[in-house]
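2 protein chains.
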Amino acid sequence: MEVTRQNFKDSLCPIYSAIEEADFLAIDGEFSGISDGPSVSALTNGMDTPGERYVKLRKHSMDFLLFQFGLCTFRYDQSQSKYLMKAFNFYIFPKPFSRNSPDIKFICQSSSIDFLASQGFDFNKVFRSGIPYLNQEEESQLREQYEERRSQVNGAGTPSYISPNSCKGPVNVPDEHKDFIGRVYSASCGDSCRYPKGIHVETVETEKKERFIQISKVDEEERRRMEQQKYEREQEEMNDAVGFSRVIHAVSKSGKLVVGHNMLLDVMHTIHQFYCSLPEELDDFKEVTMCVFPRLLDTKLMASTQPFKELITNTSLAELEKQLKEKPFKAPRVECSEGFQSYDTASERLHEAGYDAYITGLCFISMANYLGSFLTPPRSHISARSKLLEPFYNKLFLMRVIDIPYLNISGPDLQPKRDHVLYVTFPKEWKTSDLYQLFSAFGNIQVSWLDDTSAFVSLSQLEQVQIAVNTSQYAESYRIQTYAEYLQAKQKNTNINRKWAEDGWADASYKSAGMTSTCSRAHNR
Amino acid sequence: MEVTRQNFKDSLCPIYSAIEEADFLAIDGEFSGISDGPSVSALTNGMDTPGERYVKLRKHSMDFLLFQFGLCTFRYDQSQSKYLMKAFNFYIFPKPFSRNSPDIKFICQSSSIDFLASQGFDFNKVFRSGIPYLNQEEESQLREQYEERRSQVNGAGTPSYISPNSCKGPVNVPDEHKDFIGRVYSASCGDSCRYPKGIHVETVETEKKERFIQISKVDEEERRRMEQQKYEREQEEMNDAVGFSRVIHAVSKSGKLVVGHNMLLDVMHTIHQFYCSLPEELDDFKEVTMCVFPRLLDTKLMASTQPFKELITNTSLAELEKQLKEKPFKAPRVECSEGFQSYDTASERLHEAGYDAYITGLCFISMANYLGSFLTPPRSHISARSKLLEPFYNKLFLMRVIDIPYLNISGPDLQPKRDHVLYVTFPKEWKTSDLYQLFSAFGNIQVSWLDDTSAFVSLSQLEQVQIAVNTSQYAESYRIQTYAEYLQAKQKNTNINRKWAEDGWADASYKSAGMTSTCSRAHNR
Numbered sequence: 001m002e003v004t005r006q007n008f009k010d011s012l013c014p015i016y017s018a019i020e021e022a023d024f025l026a027i028d029g030e031f032s033g034i035s036d037g038p039s040v041s042a043l044t045n046g047m048d049t050p051g052e053r054y055v056k057l058r059k060h061s062m063d064f065l066l067f068q069f070g071l072c073t074f075r076y077d078q079s080q081s082k083y084l085m086k087a088f089n090f091y092i093f094p095k096p097f098s099r100n101s102p103d104i105k106f107i108c109q110s111s112s113i114d115f116l117a118s119q120g121f122d123f124n125k126v127f128r129s130g131i132p133y134l135n136q137e138e139e140s141q142l143r144e145q146y147e148e149r150r151s152q153v154n155g156a157g158t159p160s161y162i163s164p165n166s167c168k169g170p171v172n173v174p175d176e177h178k179d180f181i182g183r184v185y186s187a188s189c190g191d192s193c194r195y196p197k198g199i200h201v202e203t204v205e206t207e208k209k210e211r212f213i214q215i216s217k218v219d220e221e222e223r224r225r226m227e228q229q230k231y232e233r234e235q236e237e238m239n240d241a242v243g244f245s246r247v248i249h250a251v252s253k254s255g256k257l258v259v260g261h262n263m264l265l266d267v268m269h270t271i272h273q274f275y276c277s278l279p280e281e282l283d284d285f286k287e288v289t290m291c292v293f294p295r296l297l298d299t300k301l302m303a304s305t306q307p308f309k310e311l312i313t314n315t316s317l318a319e320l321e322k323q324l325k326e327k328p329f330k331a332p333r334v335e336c337s338e339g340f341q342s343y344d345t346a347s348e349r350l351h352e353a354g355y356d357a358y359i360t361g362l363c364f365i366s367m368a369n370y371l372g373s374f375l376t377p378p379r380s381h382i383s384a385r386s387k388l389l390e391p392f393y394n395k396l397f398l399m400r401v402i403d404i405p406y407l408n409i410s411g412p413d414l415q416p417k418r419d420h421v422l423y424v425t426f427p428k429e430w431k432t433s434d435l436y437q438l439f440s441a442f443g444n445i446q447v448s449w450l451d452d453t454s455a456f457v458s459l460s461q462l463e464q465v466q467i468a469v470n471t472s473q474y475a476e477s478y479r480i481q482t483y484a485e486y487l488q489a490k491q492k493n494t495n496i497n498r499k500w501a502e503d504g505w506a507d508a509s510y511k512s513a514g515m516t517s518t519c520s521r522a523h524n525r
Numbered sequence: 001m002e003v004t005r006q007n008f009k010d011s012l013c014p015i016y017s018a019i020e021e022a023d024f025l026a027i028d029g030e031f032s033g034i035s036d037g038p039s040v041s042a043l044t045n046g047m048d049t050p051g052e053r054y055v056k057l058r059k060h061s062m063d064f065l066l067f068q069f070g071l072c073t074f075r076y077d078q079s080q081s082k083y084l085m086k087a088f089n090f091y092i093f094p095k096p097f098s099r100n101s102p103d104i105k106f107i108c109q110s111s112s113i114d115f116l117a118s119q120g121f122d123f124n125k126v127f128r129s130g131i132p133y134l135n136q137e138e139e140s141q142l143r144e145q146y147e148e149r150r151s152q153v154n155g156a157g158t159p160s161y162i163s164p165n166s167c168k169g170p171v172n173v174p175d176e177h178k179d180f181i182g183r184v185y186s187a188s189c190g191d192s193c194r195y196p197k198g199i200h201v202e203t204v205e206t207e208k209k210e211r212f213i214q215i216s217k218v219d220e221e222e223r224r225r226m227e228q229q230k231y232e233r234e235q236e237e238m239n240d241a242v243g244f245s246r247v248i249h250a251v252s253k254s255g256k257l258v259v260g261h262n263m264l265l266d267v268m269h270t271i272h273q274f275y276c277s278l279p280e281e282l283d284d285f286k287e288v289t290m291c292v293f294p295r296l297l298d299t300k301l302m303a304s305t306q307p308f309k310e311l312i313t314n315t316s317l318a319e320l321e322k323q324l325k326e327k328p329f330k331a332p333r334v335e336c337s338e339g340f341q342s343y344d345t346a347s348e349r350l351h352e353a354g355y356d357a358y359i360t361g362l363c364f365i366s367m368a369n370y371l372g373s374f375l376t377p378p379r380s381h382i383s384a385r386s387k388l389l390e391p392f393y394n395k396l397f398l399m400r401v402i403d404i405p406y407l408n409i410s411g412p413d414l415q416p417k418r419d420h421v422l423y424v425t426f427p428k429e430w431k432t433s434d435l436y437q438l439f440s441a442f443g444n445i446q447v448s449w450l451d452d453t454s455a456f457v458s459l460s461q462l463e464q465v466q467i468a469v470n471t472s473q474y475a476e477s478y479r480i481q482t483y484a485e486y487l488q489a490k491q492k493n494t495n496i497n498r499k500w501a502e503d504g505w506a507d508a509s510y511k512s513a514g515m516t517s518t519c520s521r522a523h524n525r
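Residue numbers (the working numbering), protein chains in the order written: chain A, 1 to 525; chain B, 1 to 525.
In short, the hints are calculated from the structure, not lab data.
The structure presented is a predicted model; accordingly, all values stated were derived computationally and were not measured.
We put the beta carbon where it would ideally sit given N, CA and C, even for glycine.
Errors might be hidden in some of the hints.
[Said to hold, decoys possible] Stretch by stretch, here's where chain B covers chain A in the computed footprint (C-beta under 8 Å, at least three residues):
{"hint": "1", "segment": "254-261"}
{"hint": "2", "segment": "479-492"}
[As the list claims (entries may be wrong)] A few chain A residues that don't get close to chain B, going by computed Cβ distances all over 12 Å:
{"hint": "3", "residue": "32"}
{"hint": "4", "residue": "118"}
{"hint": "5", "residue": "207"}
[Claimed, not checked] If you only want the chain A side, here are some residues facing chain B, beta carbon under 8 Å, derived:
{"hint": "6", "residue": "36"}
{"hint": "7", "residue": "114"}
{"hint": "8", "residue": "117"}
{"hint": "9", "residue": "122"}
{"hint": "10", "residue": "123"}
{"hint": "11", "residue": "124"}
{"hint": "12", "residue": "128"}
{"hint": "13", "residue": "328"}
With the sequences and hints as input, model every part of the structure.
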């Protein structure tokens, strides 16, 4: 089902009940770009720690726009031994809600846009009909603005001058006009002013965006009714502005298993756009993520893990889906729910978020069911709540890290031994070939560039590490350290920075306060 | 005429001849956003100097994409006493040309995108069919890459290792494979190898993007012919990559009058995207602009200047076009050239760049002809080359500057007297009302905010300036300086910065070198 600004409100009920009844949910996002860094190789290093990778992704990827979101819900029908699915393909765009709402700027990366264009992506639908959204901070601000306006109009607040530059609130009555307005009021009420509290005041905007204050004489009952109507209208306006974020709130509140394929960026973008700016450090990100999505499963990580690793040669989504239809796997029995558009995997609408979410779900079901074949007696259906799936929970695939397969969202990350790794610094003219030559006596090596003048070099034999370090002692053009020495030096630098932060900057406290409130609120909706 | 990637090459000839035959050209651009600053009010200050405004626009507006360019050419047909026009509406997109071409990132501003969407703007056409482009530096780099590849393939260069991170060039033959390739070559030539220099080597890419080296045995004549073919193919590829920039080069080379409406941002974006990154300082920008567009005319500035100023109430493009059809003006006689799509001003396709360029041209003709009514005897047609137009040349409208109407591209800017202006600093809680209160004894004032804690305040009476400064001497919460004092303090800061720049940074020399080359080349094509 395609969901745009036009049919969003009518679709909300079906979306909520689809989430409610589902056994698990699959998601996918399409973005206006991937990496704002100079190049992917500069953005990723094979020896990145999970924390380093997170910091890079946060810095270089969050200014792109998530502009299509796929949500596919899967409900298992026991009686028919099959899944019923409902696919939603949302177009998302931060259309400014009013003059005082945030005017979002986002980056587009030509190569990503060109790629989506070649896949037939409909940009007009995004920009003309995308559903708006607010993150939690923006939502709070908007609610406060409405509250403030209400209290002002109802006479609780004090009208005040607002400087032209910040004049974004309601119309305020300048002192020099109060007298005039008072006289208009007396004149219209005259002596027959029988309504002691019977005045209804409202700011009205014409089609030409001219704003004026409308004052009506009403009796008490009428006034209450009008205020109630106005309140409801405002609530609806606010809900419209919160827009697509309501869908993510519902997913979050459901607490259900959320499946994605290579989903780290999807999760980061979803939280960043619809909840809060991402925290600076990985541990805080993990905490927020667990609040928003308490149970995640990444099919790319699952396919790269035992017992699937040996059976699956290509873990890209399209290839994975094909392989999981063949032996020893079985194509899952999934049908489209009544009244919902079905996707045909033969027609391959790859890179449409709704379709990608759908086949991600298929991959998950196939792999889950395959785990059932190891049980005695074997079972052909494994529920999304099965304990067999627990080893795969909350582990998000990490691309291009040599020895750390995943980011562990619900606990500490793996700490690979890097005893065979050397940290080498050299003149910026050096190329990979120079490194190969330098280490030619030490057998096979693996080079992970850090920047123009440094790289990690992995030796194949551990006992040669010390020899390499020793031989470098008298070298002038390059320098070799063990990975442990490198980490130590880095830790020292970080501590110095931290100390500065504690002494001088107010950043840290702000961050953790923001986190807590996000967390408690994620479950209150 | 709509021009996209699909029909661009076929349209070039008609475009070149339209420019060639024209008496003047009108242009307009549509952008993915206007201001990257926190808000327009923060971006513009009524007391900005032209230099300050330029720096702000350069900083906050150049990361947006100019994605639609309108060019309308006007040729006067003496015999029929009417203009013949040709309108071109170009869709522009920096589609990456190859794996090693720049992957441009650009910003989109939601409010601008939403506005264009509401006008029916076709984003799909931009992203799917936009014409690519290169600026001069990128073009040079590409030409060098081709040259380098040619010399390598022809055996003049030495094959060398290229590190994986920078492997973007041609396929190089690693030392360990040279022997193998040598053997293949001997085997295929065998003893009957009668072609001493008759080997043609070429890198071939299959549809699946697999690349391999194709070695063919050819005689000398055949070899030359193939090299020639290859050379021509490469030249065409390069021209395709330079793409839309070729149109701007042709406009520049023609040296013809280029008319725009409120055209400062159009000119800045055009130079930035198709020539070179904009220089840091205004004077250098003026120099580049005069190289690229030696004769500019801004219809918004013209309409805001005598004798038009008194006659025209609204200088927005759509309103101006309407007013210039009515007395004392006359709707110009303009017809669409044969074979070209005509625009109907009644159907108002405002904010399509080709249409906006067209009605900008109409406005210019009306106003130029009106100047003829002052001649004795009056003339109903004034040529685009008439001396009567000289006062309007190279003066670009400056929005929201109180006392400087235009940026003078071909000379020094106006230096308005600001003797009645005060520079006031105050606590950040202050609002405009506080400033009104502070100056309540001094009659009418005009406030131009600089930031949270400072503003310019213009007094209506000059003699009160010193009184205001004197009364502030004992104030603790705020501080008042004359505009002259403010300038002096600022100049001092700038000089300190300049000194640093000269001592430490290499920026300045790079800049002026780039400028000269841009200038000489702008006229060499």
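Is the claim that residue 118 of chain A lies outside the interface with chain B correct, judged by CB distances over 12 Å? Given that some Cβ of chain B is not farther than 12 Å from that of residue 118 of chain A, nearest at about 8 Å, it is violated.
Non-interface claim for residue 32 of chain A, where every Cβ of chain B lies beyond 12 Å: violated (8 Å)
Under 8 Å, Cβ to Cβ, is where residue 122 of chain A needs to be relative to chain B, so tell me if that hint holds or is violated. holds (7 Å)
Classify the label on residue 207 of chain A as holds or violated, using whether its beta-carbon is more than 12 Å from each beta-carbon of chain B. holds (14 Å)
Restraint: residue 36 of chain A near chain B, CB-CB cut 8 Å. Satisfied or not? OK, holds: residue 36 of chain A within 8 Å of chain B, min 6 Å.
Is the shortest C-beta separation between residue 124 of chain A and chain B less than 8 Å? holds (5 Å)
Evaluation of the interface hint that places residue 123 of chain A against chain B, nearest CB under 8 Å: It holds, given that the least Cβ distance between residue 123 of chain A and chain B is near 4 Å, below 8 Å.
Does residue 114 of chain A pass the interface check with chain B, least Cβ-Cβ distance below 8 Å? holds (5 Å)
Within 8 Å of chain B's CB atoms, at least three CB atoms from the segment 479-492 of chain A: coverage verdict: With 0 residues closer than 8 Å to chain B, the segment 479-492 of chain A misses the three-residue bar; violated.
Against chain B, with CB atoms and a cut of 8 Å, does the hint on residue 117 of chain A hold up? Where the cut-off is 8 Å and the nearest Cβ of chain B is about 4 Å from residue 117 of chain A, the hint holds.
Checking C-beta pairs, does the segment 254-261 of chain A have three or more residues closer than 8 Å to chain B? violated (count 0)
Agreement of hint residue 328 of chain A with chain B interface, Cβ distance less than 8 Å: Violated, because the Cβ-Cβ distance from residue 328 of chain A to chain B comes to roughly 30 Å (cut-off 8 Å).
The earlier numbered hints that this structure contradicts are 1, 2, 3, 4 and 13.
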